[in-house]
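Trainee: Sequence:
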Amino acid sequence: MTNRLRLQQLAKLLDITRLQDNETPATFLQWLKDLPTMPAAAYCVYPEFMPSLINWSERQLTMAIATVVNFPKGEANADIVCEQIQRSILGGATEIDCVLPYKALLRGEYGAVKHFLYDVRQASKNTVLKIIIESGELVTAQQVAKASELAIEGGADFVKTSTGKVAVGVTEEAARIMLTVIAASGKNVGFKASGGVRSVEQAVGLVQLFEDITGKTALNSNMRIGASALAYDVANQLKAS
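For the sequence shown, the working numbering begins at 685 and goes up steadily by one.
Read the hints as simulated data drawn from the structure, not as lab findings.
In this text, all values refer to a predicted model and were calculated from it rather than measured experimentally.
Each statement offered as a hint is correct.
Derived DMTMM-like pairs: lysine to aspartate or glutamate, alpha-carbon spacing no greater than 20 Å straight-line: (1) Lys696 - Glu742; (2) Lys787 - Asp803; (3) Lys787 - Glu759; (4) Lys717 - Glu732; (5) Lys757 - Glu767; (6) Lys830 - Glu856; (7) Lys757 - Glu732; (8) Lys696 - Glu885; (9) Lys798 - Glu837; (10) Lys787 - Glu833; (11) Lys757 - Glu707; (12) Lys696 - Asp917; (13) Lys849 - Glu707; (14) Lys787 - Glu837; (15) Lys871 - Glu833; (16) Lys798 - Asp763; (17) Lys787 - Glu821; (18) Lys923 - Glu885; (19) Lys717 - Glu707; (20) Lys717 - Glu742; (21) Lys809 - Asp763; (22) Lys809 - Glu837; (23) Lys830 - Glu793; (24) Lys798 - Glu759; (25) Lys696 - Glu895.
Modelling step: build the complete structure from the supplied sequences, incorporating the hints.
Mentor: Here's what the structure looks like:
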């Protein structure tokens, strides 16, 4: 059993996520009704469900409202993604999780990726921007490192592992590479572990890895964990502690 202080810290790092492909207004409202109340960092949902989330969040603890763009395949052109971002911000999003055009990166089209990231950063303005590199689809350690470097150079506030929509989500190896690049950059860039983080024990291990490599304490301003099932595990252990 993880101690209560660590559980409370962990809860504050969570981006509680609901990105179901077959979602309906009724199932989304039921999910909100069943959610455990905890001081999470953010809630991340599809743009069309933001109004329901915002209405619900007004009765809950203060947290950020996040949504996804260029999701999940990362194949839209920059103009379309920038329109998605602008609509999301007008709709109440305070954080944007955007998929990097990782297939272009795999083809070695680094210039195109840089231009995309520049446009996305400009469209996001002062909104928190998390760039999803889809680490499980990147073939080599060098590609994971390059994607992280480009995201940081492009002005990302966080570099995020995965959409959770591909076979391989976050891995310790990818997290270690990403964190090493973040630490070496000397910039105030956060890390978000997402895609298959289901247990408290796994999440605590990622927090420890973050702290060991960056030398920083994990706070919600510099580390996040994408959570769906994990949120319930944290809530249940908090109740039992």
